[in-house]
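Those sequence lines, one after another, are chains F and R.
In case it helps, the working numbering puts the first sequence at residues 1 to 463.
In case it helps, the working numbering puts the second sequence at residues 464 to 926.
Just so you know, the hints here were simulated from the structure itself, not pulled from any lab data.
Bear in mind the structure is a predicted one, so any value in this text is a computation, not a measurement.
Among the hints, a few may not be true.
[Claimed, not checked] With a straight-line cut-off of 27 Å between C-alpha atoms, the simulated DSS-like cross-links for lysine-lysine are:
1) F:LYS338 with F:LYS268
2) R:LYS583 with R:LYS731
3) R:LYS731 with R:LYS801
4) F:LYS180 with R:LYS890
5) F:LYS120 with F:LYS268
6) R:LYS643 with F:LYS427
[Unchecked claim] Covered stretches of chain R (chain F as the covering partner; in silico rule of three or more C-beta atoms under 8 Å from a C-beta of chain F):
7) 641 to 653
8) 706 to 714
9) 840 to 846
10) 870 to 881
11) 884 to 893
[Said to hold, decoys possible] Simulated DEER-style distance windows between Cβ atoms:
12) F:GLY434 with R:ARG866: 44 to 52 Å
13) R:ARG563 with F:ALA332: 48 to 56 Å
14) R:GLY709 with F:ASP435: 42 to 50 Å
Every residue gets a Cβ at the ideal spot worked out from N, C-alpha and C, and that includes glycine.
There are 2 protein chains.
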Amino acid sequence: MDTPSTLENPAIDGLRALFGERCSTRPAEREQHGRGESYHPCRAPDAVCWPGSTDEVVAAVEICRRHRFPIVPFGVGTSLEGHVAALEGGVALDLSRMNRILMVRPEDMDVTVEAGVTRKQLDQELRDSGLFFPIDPGADATLGGMAATRASGTNAVRYGTMRENVLALTVVLADGRVVKTANRARKSSAGYDLTRLFVGSEGTLGVITEVTLRLHGRPEAVASAVCSFPSVDQAVATAMETVQAGIPVARMELLDGNVMEAVNRFSKLDYPATATLFLEFHGSAASVEEQAAMVGELAAGNDGSAFRWALRPEERNALWQARHDLHYATLAMRPGAKVWGTDVCVPISALGECIREARRAAAEAPFFVTTLGHVGDGNFHMGYLIDMADPAELQAAERLNERLVRHAISLGGTCTGEHGVGYGKAKFMTLEHGDAAVSLMRQIKHMLDPENLFNPGKILPPA
Amino acid sequence: MDTPSTLENPAIDGLRALFGERCSTRPAEREQHGRGESYHPCRAPDAVCWPGSTDEVVAAVEICRRHRFPIVPFGVGTSLEGHVAALEGGVALDLSRMNRILMVRPEDMDVTVEAGVTRKQLDQELRDSGLFFPIDPGADATLGGMAATRASGTNAVRYGTMRENVLALTVVLADGRVVKTANRARKSSAGYDLTRLFVGSEGTLGVITEVTLRLHGRPEAVASAVCSFPSVDQAVATAMETVQAGIPVARMELLDGNVMEAVNRFSKLDYPATATLFLEFHGSAASVEEQAAMVGELAAGNDGSAFRWALRPEERNALWQARHDLHYATLAMRPGAKVWGTDVCVPISALGECIREARRAAAEAPFFVTTLGHVGDGNFHMGYLIDMADPAELQAAERLNERLVRHAISLGGTCTGEHGVGYGKAKFMTLEHGDAAVSLMRQIKHMLDPENLFNPGKILPPA
Numbered sequence: 001m002d003t004p005s006t007l008e009n010p011a012i013d014g015l016r017a018l019f020g021e022r023c024s025t026r027p028a029e030r031e032q033h034g035r036g037e038s039y040h041p042c043r044a045p046d047a048v049c050w051p052g053s054t055d056e057v058v059a060a061v062e063i064c065r066r067h068r069f070p071i072v073p074f075g076v077g078t079s080l081e082g083h084v085a086a087l088e089g090g091v092a093l094d095l096s097r098m099n100r101i102l103m104v105r106p107e108d109m110d111v112t113v114e115a116g117v118t119r120k121q122l123d124q125e126l127r128d129s130g131l132f133f134p135i136d137p138g139a140d141a142t143l144g145g146m147a148a149t150r151a152s153g154t155n156a157v158r159y160g161t162m163r164e165n166v167l168a169l170t171v172v173l174a175d176g177r178v179v180k181t182a183n184r185a186r187k188s189s190a191g192y193d194l195t196r197l198f199v200g201s202e203g204t205l206g207v208i209t210e211v212t213l214r215l216h217g218r219p220e221a222v223a224s225a226v227c228s229f230p231s232v233d234q235a236v237a238t239a240m241e242t243v244q245a246g247i248p249v250a251r252m253e254l255l256d257g258n259v260m261e262a263v264n265r266f267s268k269l270d271y272p273a274t275a276t277l278f279l280e281f282h283g284s285a286a287s288v289e290e291q292a293a294m295v296g297e298l299a300a301g302n303d304g305s306a307f308r309w310a311l312r313p314e315e316r317n318a319l320w321q322a323r324h325d326l327h328y329a330t331l332a333m334r335p336g337a338k339v340w341g342t343d344v345c346v347p348i349s350a351l352g353e354c355i356r357e358a359r360r361a362a363a364e365a366p367f368f369v370t371t372l373g374h375v376g377d378g379n380f381h382m383g384y385l386i387d388m389a390d391p392a393e394l395q396a397a398e399r400l401n402e403r404l405v406r407h408a409i410s411l412g413g414t415c416t417g418e419h420g421v422g423y424g425k426a427k428f429m430t431l432e433h434g435d436a437a438v439s440l441m442r443q444i445k446h447m448l449d450p451e452n453l454f455n456p457g458k459i460l461p462p463a
Numbered sequence: 464m465d466t467p468s469t470l471e472n473p474a475i476d477g478l479r480a481l482f483g484e485r486c487s488t489r490p491a492e493r494e495q496h497g498r499g500e501s502y503h504p505c506r507a508p509d510a511v512c513w514p515g516s517t518d519e520v521v522a523a524v525e526i527c528r529r530h531r532f533p534i535v536p537f538g539v540g541t542s543l544e545g546h547v548a549a550l551e552g553g554v555a556l557d558l559s560r561m562n563r564i565l566m567v568r569p570e571d572m573d574v575t576v577e578a579g580v581t582r583k584q585l586d587q588e589l590r591d592s593g594l595f596f597p598i599d600p601g602a603d604a605t606l607g608g609m610a611a612t613r614a615s616g617t618n619a620v621r622y623g624t625m626r627e628n629v630l631a632l633t634v635v636l637a638d639g640r641v642v643k644t645a646n647r648a649r650k651s652s653a654g655y656d657l658t659r660l661f662v663g664s665e666g667t668l669g670v671i672t673e674v675t676l677r678l679h680g681r682p683e684a685v686a687s688a689v690c691s692f693p694s695v696d697q698a699v700a701t702a703m704e705t706v707q708a709g710i711p712v713a714r715m716e717l718l719d720g721n722v723m724e725a726v727n728r729f730s731k732l733d734y735p736a737t738a739t740l741f742l743e744f745h746g747s748a749a750s751v752e753e754q755a756a757m758v759g760e761l762a763a764g765n766d767g768s769a770f771r772w773a774l775r776p777e778e779r780n781a782l783w784q785a786r787h788d789l790h791y792a793t794l795a796m797r798p799g800a801k802v803w804g805t806d807v808c809v810p811i812s813a814l815g816e817c818i819r820e821a822r823r824a825a826a827e828a829p830f831f832v833t834t835l836g837h838v839g840d841g842n843f844h845m846g847y848l849i850d851m852a853d854p855a856e857l858q859a860a861e862r863l864n865e866r867l868v869r870h871a872i873s874l875g876g877t878c879t880g881e882h883g884v885g886y887g888k889a890k891f892m893t894l895e896h897g898d899a900a901v902s903l904m905r906q907i908k909h910m911l912d913p914e915n916l917f918n919p920g921k922i923l924p925p926a
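Hey, can you work out the whole structure from these sequences and the hints?
Right, here's the structure in full:
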């Protein structure tokens, strides 16, 4: 980690005057704020500040703008593509203390929260309301961070992603303007879609300080099931057929044999260590039964096992906790290693081919490889479990990822279904979007952040 | 209509050289392209051109940019807020000849069309595919126009609006760049959301030439029903309770007694001329039955009648055709008059209050007034049937609309749920969004169209 000359830094002086104790330059804090949960190395900021309000964010932005000091918005650091790496130094604005749930409106099925509220905190708040917020990326991320990366996760196949479930944002811009992007109407044709401009902008266009979310009614009945297959191909075929039949599954997760082995070990479960679908059905009791029967038939046609049901809430929770702990379960397969997680997403008809080719290419890899995915969306992750000290492993992972991304894009897909670009995938943006679209993205960045104050080096490739 | 000196206009000369017979300055063509379907007066363009390809649009934009000649993209002219009015003259780019369905991909449940393909044309193309495109604004609009106005309509309560159902666009920018906004993956976190930047931009940021849409599986069972209520309040209460109970109705349309009277006359039907919900349920046979039973119970609790079912496709078509013909049915109630249609959308809990107040205010109006709405979305329309030659009626309609819009915004709603801003509602943008958001919209417009070439005078209020 670089040692900044923090004693002579007027930006940090200004931030200290503003935040007092809530501004830190301690190495441990800086180190903790310079990394997410992936293989990307730590790039520590020069300082960390904990604003408590939108007004304080405005004041901090003002100070940083005056001194051209970069700002990296920070939630809880669960990102996977180096989003929080302070590539050009500056301050990490840690929003975790802006964690008030401002207004729950059950009768409108929406909620407004400060950006630092986490997914689980909201879940807890809603537990007796009959409502829930479905977007679930696994990690207990902040809702501001989830908006910023356009997160999705296991429920997206039925409930959509942050793109569909954010109603409005409050955003602090580089020039100090505070923009409320929309009202709370479920639909509106009143002008440019400012909400979607910031959803997925990864902290590069402004600092999200408040989020209004759409909630959904808790389904009357929920049933989870596990179905094993002789091969990944057959599990994927079942998922594709389920989507194409329009069966409204709530969750449909692929886990290959390696993943199942890691899950069984880490979460002390005893599922067959072979290709598996974790399924969940939401609806009325009758509709859940009907959906399950339909998917069961498709699975049987692909040599799937009978469903192993998790009907009681505690069984279901154990199942999905195991799914959520996958990142840690995978890490436990090779202590000391890091996971390089790929994240392509392709049109559903191309999913089988894309997964097959990715697994074929990785078969020779010198490290443990997992395949899992939100297959109902056409999104899957290869996990390359690498020793960061071994350049050969890192290079092999990089080569495999690049090959996979190119293949996915050639199939009409994207380099990232849900993790975001960060700086890990900036180099694929032109391949995916073309020069014209990337140049338009550059214009947007320049329009909102002409001095490149917000999270520099992310999303866009070097010009 | 102004008479432009078309003989000495170098922009028109250039367009004539490019388009030949497909460039017209005939008064009848110009007149037809200067108006939508609402009360807004005709503002004819100086010329009308019919491009046949994205390349021709690029060439036309190049000519117009050189001569600073405004461009108004035109679909089939079904807009309601003066979107196609050539406020500063220029050329109407009529995209109706770009009407090829480029690629239907049933296995991915998506389709790519040229912007001039209409909703019904697509419907026809998909009729044997098992798939359908749900966005249905009533009019047989072009899909490019529907994207440009962020249209929705009767199915939005279940399937979303154009915001949720456009996967990608091809857009010609003012400087000639052709941007493909996204690939076909169902979700992506790869950079700024260019698709949503153009959905709802009403031709002010670029010319949409191709649209890739998400399709949905045709439901196994469909049932439509009509339910009458003693009062609008009770019908609205039923709609609100249905939404809050999370029942996934596919359509839920409110029609007041005046509308029903107009419908009965125009479509030769015999429904009671009282507040009514038109409902449609999609799903498996069992789920349709279940949904209907649940809504039936809620309706009964609000003194609703037993459902009158339209089960056979031809009965259903008659019902929804009557709903779609409402605009014309209303016009027939007062020959020679125009409909001033309001379009507010509010959070669902405020819908009853908003409708009650709007109807109370309109009770004294000197003209026929209807109330109808996509009440599941919190969106409704008052129809003021006015004599355009009577300034007092026009003023009364304007006053009522303004009062309604202010009320809706104070309730957390929007001045336009689906019709768009055009120039009719530009004056409400600051009230609804605030100075900061409107200034950001201005920046976006300036970034993409610094010479104000595209559809000038729309969306944004005069600076």
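Hint by hint, here is what the structure shows:
1. F:LYS338 with F:LYS268: Holds - the C-alpha atoms of F:LYS268 and F:LYS338 are around 22 Å apart, at most 27 Å.
2. R:LYS583 with R:LYS731: holds (23 Å)
3. R:LYS731 with R:LYS801: holds (22 Å)
4. F:LYS180 with R:LYS890: holds (18 Å)
5. F:LYS120 with F:LYS268: holds (23 Å)
6. R:LYS643 with F:LYS427: With Cα atoms ~18 Å apart, R:LYS643 and F:LYS427 stay inside 27 Å; holds.
7. 641 to 653: Holds, because 13 residues of the stretch 641 to 653 of chain R bring their Cβ atoms closer than 8 Å to Cβ atoms of chain F.
8. 706 to 714: holds (count 4)
9. 840 to 846: With 3 residues closer than 8 Å to chain F, the stretch 840 to 846 of chain R meets the three-residue bar; holds.
10. 870 to 881: Answer holds; 8 residues pass the 8 Å Cβ test.
11. 884 to 893: It holds, with 4 qualifying residues against the three required.
12. F:GLY434 with R:ARG866: 44 to 52 Å: For F:GLY434 and R:ARG866 the Cβ distance comes to about 48 Å; the hint holds.
13. R:ARG563 with F:ALA332: 48 to 56 Å: Holds: the Cβ-Cβ distance is about 55 Å, inside 48 to 56 Å.
14. R:GLY709 with F:ASP435: 42 to 50 Å: Since R:GLY709 and F:ASP435 have Cβ atoms about 45 Å apart, the given range 42 to 50 Å holds.
Of the numbered hints stated above, none is contradicted by the structure.
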